[in-house]
Structure formats: C-alpha cells, structure tokens
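Asks: Residue numbers (this note's numbering), protein chains in the order written: chain A, 1 to 126; chain X, 1 to 126.
Hint data in this document are derived by calculation from the structure and do not stem from the laboratory. Any given hint could be a false lead.
Just so you know, same-sequence chains aren't split out, so a pair can sit in one copy or run between any two.
Stated by the list, open to error - Derived lysine to aspartate or glutamate pairs resembling EDC-like cross-links, with alpha carbons at most 20 Å apart:
| hint | residue 1 | residue 2 |
| --- | --- | --- |
| 1 | K8 | D114 |
| 2 | K113 | E35 |
| 3 | K102 | D114 |
| 4 | K102 | E69 |
| 5 | K8 | D27 |
Model, not experiment: these values are computed from the prediction.
There are 2 protein chains.
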Amino acid sequence: MSETPRLKLHARLYCGDEIAMGPGKADLLDAIGREGSISAAARAMGMSYRRAWLLVDAMNRCWAEPLVETVAGGSHERGARLSTLGETVLQRYRALQDLLAKAESSEEYAFLKDGVRPEPLPSQSE
Amino acid sequence: MSETPRLKLHARLYCGDEIAMGPGKADLLDAIGREGSISAAARAMGMSYRRAWLLVDAMNRCWAEPLVETVAGGSHERGARLSTLGETVLQRYRALQDLLAKAESSEEYAFLKDGVRPEPLPSQSE
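So here's chain A without its partners, still in its complex pose (with noise of 0.2 Å):
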C-alpha cells in the first residue's frame, strides 16, 4: 500500500462494555434501512448474517428502544426496518460524526498531516 497519512476520527457510545453505536454500527443501520433486511443488509456489507444479527442484537439492548424492528415469523430473509428511535439516533450520530469531520480541517491537522511519512521506515533490530 502507497497512502497518504491520514486522520481517523471515531465516534464510539458505550453502554457498559458494550459499544452502543459507532462507525459499523452506523453503516449497519443505514444498510437495513436500505435494504429492508438483516440478511440483505449483511450481503450488502459483505458480513455474515450472524455478525450482522449479533450487532443488531447489541443496539437493540443498549438503548432506550430498539433501533431495529423485524417483523415476527419468517426466515431471515424476514423484513426488518429502523424503528422510529433508530432513524433518529442515526441521524444525529451522523450529525455528530460532521462535527468530527471538522477537525480534519484544523490547523493541529494540517501540521500533523505534514510530518508523518507516507509509509514508515523499516523496522530496526532491538
């Protein structure tokens, strides 16, 4: 790989040892409502439906309501849309990851940016 250097800025919301929403998380839901499935949206992504049902299970239990509602019965190939609370917290934590972005404008950034090679020297013997 021939990269720039680069700044990632991540977003995480914990709930306990659980992370309650971040980046994947955040795509995960956007798939869903894209695809108008747990199974869809975990091909879309390119995950296995049970990291993609194991992701879904752990918002649903971090928050106040589920962020993902699927309808009963069926295979996994069953509806599953966002819930009311799930469109929104969305929103916002896209909203939030824009304020984040701004900081990739910054001057510590720019600076920061400048010194780091493109790819680091090879490693040395202890």
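With chain A fixed as given, assemble chain X onto it according to the hints.
Replies: Structure of chain X alone, referenced to chain A:
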C-alpha cells in the same frame, strides 16, 4: 460495572498500516518526557519495556524525524527524551484532542447519551 453511557472520540494518525500517533502513543510520549527514560515510562504506564520500545520504534519510523531520542549505549535505564519535533507533535495532538472534546458538549451528543441505557439488557437467544 455500572458506568454511565459515554462517548469516546479517538484521533489516530496513520502512516501506511502503522499508527503514527494515537491516544496511547501520546500518553507514552508524556510519560517519557516526565520520567526521562523508556523503561521508567513503561513502568509508570504498567506496560512492558518491550511494548513501550515497539511503540517508540513505530513512532520514530513514521515521522519525518524521530520523536524520541535515546542516549547511545548503556542499558534499558539509559535516558530518553522527546526531540523538538516530538514535543511539537505531542502539543499539536493534544490540541486536536481538545477540539474533539468539544463534540462531547454538542447537542447531538446530549441527545444520544440520553437514549443509551446504563447497561445493556441481557442477550436473547437467536
């Protein structure tokens, strides 16, 4: 644990696949500046000398010039200090972290925080 919901904002600066600067490396720089050697800094942070050395080595390979200068020869207890660039990078990174901290007083964060439970509900079987 019974913790209140909390937001964690991490700023990480990447150099290829290495983390050039992040919260842990910044704390290590602080400790080296305070303690005067890599081994004393490692002890103060409860990490092994080898782990601290690897973090310092990664930083020194990621930036235009080394951030930590060690006194040649001697044992692990030999002195280490921040270079001029090291001091400046640490200062700018702390300023960047202060920018991020402002997001914690945002309306978006206040809304999200109110919706998260102190602890997740128990996991349901699939």
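Asks: Looking back at the hints listed earlier, which ones does the structure fail to meet?
Replies: 2, 4
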